[in-house]
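Protein chains in written order, with full-length UniProt numbering: chain C, 1 to 549; chain B, 1 to 549.
I should point out that these hints are in silico values taken from the structure, not numbers from a laboratory. Hints should not be assumed to be uniformly reliable.
Repeated chains share a single entry, so a pair holds when one copy, or any two copies, can fit it.
Calculated cross-link-like contacts (lysine to aspartate or glutamate; reagent style EDC-like; alpha-carbon spacing at most 20 Å) [claimed, not checked]:
(1) K334 with D66
(2) K260 with E278
(3) K260 with D291
(4) K134 with D101
(5) K260 with E228
(6) K182 with E72
(7) K111 with D147
(8) K37 with D423
(9) K231 with E120
(10) K37 with D152
(11) K134 with D376
(12) K334 with D70
Number of protein chains: 2
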Amino acid sequence: MSFKFLASTLALALASPAAADVLIDNVEGLTIGEDGKVKRFTALVIDDDGTIAQVLTAGDEAPQTDYREDGEGAVMIPGLIDAHAHVMGIGIGALTLDLSDTNSLEEALDKIRAFAAENEARPWILGRGWNQEKWGLGRFPTAAELDRAVADRPVYLQRVDGHAGWANTLAMEVAGIDARSKSPAGGRIERVAGSQVPSGVFVDAAEELMTRAIPAPRPNERDLALAEAQKVLHRNGITAAADMGTTIEDWQAYRRAGDKGALTLRIMAYAAGPDQMELIAGARPSPWLYDDKLRMNGIKIYLDGALGSRGAWLKQDYADDPGNTGLPLTGPAKLRNILVRAAQGNFQPAIHAIGTAANEDALNAVAEIAESFPGDRRWRIEHAQIVDPADLPKFAQNGVIASMQPVHQTSDRKMAEARLGPDRLDGAYAWNSILELGGRLAFGSDAPVESPDPFAGLAAAITRTDADGEPFGGWRPEERVNREQALAGFTSEAAFAGFAEGRFGRLLPGERADFVLIDRDPMLASPAELRETRVLETWVGGRKVYEAD
Amino acid sequence: MSFKFLASTLALALASPAAADVLIDNVEGLTIGEDGKVKRFTALVIDDDGTIAQVLTAGDEAPQTDYREDGEGAVMIPGLIDAHAHVMGIGIGALTLDLSDTNSLEEALDKIRAFAAENEARPWILGRGWNQEKWGLGRFPTAAELDRAVADRPVYLQRVDGHAGWANTLAMEVAGIDARSKSPAGGRIERVAGSQVPSGVFVDAAEELMTRAIPAPRPNERDLALAEAQKVLHRNGITAAADMGTTIEDWQAYRRAGDKGALTLRIMAYAAGPDQMELIAGARPSPWLYDDKLRMNGIKIYLDGALGSRGAWLKQDYADDPGNTGLPLTGPAKLRNILVRAAQGNFQPAIHAIGTAANEDALNAVAEIAESFPGDRRWRIEHAQIVDPADLPKFAQNGVIASMQPVHQTSDRKMAEARLGPDRLDGAYAWNSILELGGRLAFGSDAPVESPDPFAGLAAAITRTDADGEPFGGWRPEERVNREQALAGFTSEAAFAGFAEGRFGRLLPGERADFVLIDRDPMLASPAELRETRVLETWVGGRKVYEAD
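For reference, chain C alone in the conformation it holds in the complex:
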């Protein structure tokens, strides 16, 4: 959309106390309404404080405002909310050198050299995405080769699949790795042919020998990372995120941004464990800070691990690893202890549970504790990937919100089939069953584990197919949700899951004016078209925070 007057751009950009109200018209607006149905509109009036004053439909008379802006027919939807992301991880990833587009070792070395020159202040050069097969190298690259690009600072670069890392000589020195270093169980230090001298590549568990030497990001790097994360998310149409596993270092970065008026993403924070929760928030959740930009809502609890590494806790053995059921990272007694401690302070627990046993224990723990802590608790299970069908009704029965990531289903389906076998997939990524049984779904991405793109998430949610349309007709298509449900999962329901309803998530009077202008209608576009949605502009609290070139 173009501005009618330069003055209006300035007025909004400066966010002056005398900011004026504004009419944005000529849009094809849609939002989830209070009845859970899509509601359409043609114009918004935004108050000078960045909240929505009026939502107009065709035929309504536009009020007199200080400024008017022409939406030029773009589709306006609520700012998308990622109900499960790692904000700082997204930013740190974005600051990292990406080698995935390099086609030869020399091209990679040039790119590494240039990145190091552009980032002189960084004590380590970190990156990812290299692939010696794509380079046609026929072998792993070496530390000596990496030294040709950067020798005076440690460098560590992960392979595209994350299962190997490539270090330069200085990085190995700093990590204390030499010819005497032994490969750990489950890992391998690559050696120079015919010697014990490490050649520079560390496979699987041996990666830890290097990664433990990498210093934690400094505060100024975290500040940069947050700025990057905001850019990445706003570019994807995301205006708010639940931050899963917030540390005090993360929180301080959010506050620094808030204090200087640079926080443009709304962050619903879930602390990385009870000590961080207490250190950050004290005895109770924080208030909403910075005009609803930041709140410490609750606590993230890891009940089990992941399916890929067979760390998810199952009721029965892994189909591809008999005798192994995975295991709880947080045992039943400790889980209940943490839940009680959280509930006593009105903190909202968000329990990571992937496997059937983990989901059952989380659901049962909530049932046991909820009696002692009545009221509006909004217990959350994060992922809820593989649930015993017998346990599915407990989401609704126990008032547990399922916070799920549609793209995990399309990324992981083959792995899930391998881990569980064909007969134990009835409660896998069971979005529709949870809704049908009266439960509530919030949708997210788990970025940076997956791309934060919510349009990919919306498309996966309504199709159960991946970007290539595979498998045809969708994987266990009975668990698809409809378009309204999918959009609600990424807007109003994600807000509800973070105690933010009424503040943001819908385009209704009194809510913050968080919206996205896009180039197609998500209720009408084909799934393939939906994935190609172009975000034109992203607005948070009545201020434009992203505009496409």
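With chain C's structure known, arrange chain B on it following the hints.
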């Protein structure tokens, strides 16, 4: 002062967005002016945002304001600023059981029992102030006696002099103390007569065996402690303090109070070391937060210890301990490293230096580093107690502010004489010399090490005598300062030392309306009268935060 209208009380108490401007007249006002001289006035006009709009003198016509309040002839001075305090320590101390007024063991046990009943949520009962001599007991009390008051929670109570502690049986169990426990060097575990069984009292270094078992305060205790500290300080007429040694836990308590509008004390924070500095503030000092209520200014660095324990670092041996010169807690190289790191981020260093060698090294370190970091740095030395006269000119030469505590001089003079001998006191508590040589002084209390009462500080500053008027004529009276200098040290100069000039510290237009109404004129009262000053009301940012009964 009484309010003319109840409505005005309500308007201010509610601090509503529609707060009005107010005239406070009929006061005998005084402030340090921009020329460093006392400036007198008769009325203030406070804007609706809590800043001073006008300062009126006799004959000025009062403007039209929404409210008018009659000062009833009280003396109005700027809110006093404590340039060196430990805010959380004051609060935690105030929450601790005080046994100093008990006259018998039974009276103490009754008081302990009652305190435990009133503080059911506290996991430990902590206190101080007992004195078996005053009780006429003729021996130390025992754990068994303490168990009669509280047996089901650990109890630990420090003796009045801090050199012994009294535990109950459960506290010793929790600390793992039993008949096999050995007394450490420099300490003694008292034993039941004729046995090795600990009797419950731990002397000097043995105290550590108990105190290490006491859990750190929980966030809700810190929140309570901050509220208490604010009460204690406002009751004493203090509206702002430099917090020396702020930890992340302290900072979070300050922010929680700020976030909910409960921060009434202005806190200029100096982090407890480089890691805390970086964790709290990131790469740069925080902005002024909550309408100038909170800022992370810089870093507290402990260069040496204290005179009493002979930990202060001297150029020559202790007169009462030949061969001992004390020692630096932070060596010269590390000091310079920290100063550079702080200066790179524009953090203000506040260097604790007590002894002659420590002060010389701090002054020299600043001289070496200041060349590389020009600009308005306001390097601070905290305490600056015993300075080699040859080094005194370096305060002014190197632009170092001396942040000193007048009451330390009156409390410590006999100890200083013992530690240094009569011939090495020329640069001891040398307030006037530092001023005469062109340096700047900020005054504080070091509370809770000393009482936070700034009127005791003002009286000590202008007399060099203690509350009993000892020694007659003052100790080294040539180092007295005049009344203007003393008041400036506790107001405008303390603000300058915290980069707060223009925000608070003076009663001038544009500054925050932080003031105290008192019952006598500090420029005219005798020193003894000055010590008896009664604080009638304390106001911060145009809001009353304390009123005497």
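Now the hints, each set against the structure:
| no. | hint | result |
| --- | --- | --- |
| 1 | K334 with D66 | neither (57 Å within a copy, 59 Å between copies) |
| 2 | K260 with E278 | between (25 Å within a copy, 17 Å between copies) |
| 3 | K260 with D291 | both (13 Å within a copy, 13 Å between copies) |
| 4 | K134 with D101 | within (10 Å within a copy, 81 Å between copies) |
| 5 | K260 with E228 | within (16 Å within a copy, 30 Å between copies) |
| 6 | K182 with E72 | neither (64 Å within a copy, 83 Å between copies) |
| 7 | K111 with D147 | within (13 Å within a copy, 72 Å between copies) |
| 8 | K37 with D423 | neither (35 Å within a copy, 88 Å between copies) |
| 9 | K231 with E120 | neither (22 Å within a copy, 49 Å between copies) |
| 10 | K37 with D152 | neither (59 Å within a copy, 58 Å between copies) |
| 11 | K134 with D376 | neither (53 Å within a copy, 56 Å between copies) |
| 12 | K334 with D70 | neither (56 Å within a copy, 61 Å between copies) |
In this structure, the hints that do not hold are numbers 1, 6, 8, 9, 10, 11 and 12, in rising order.
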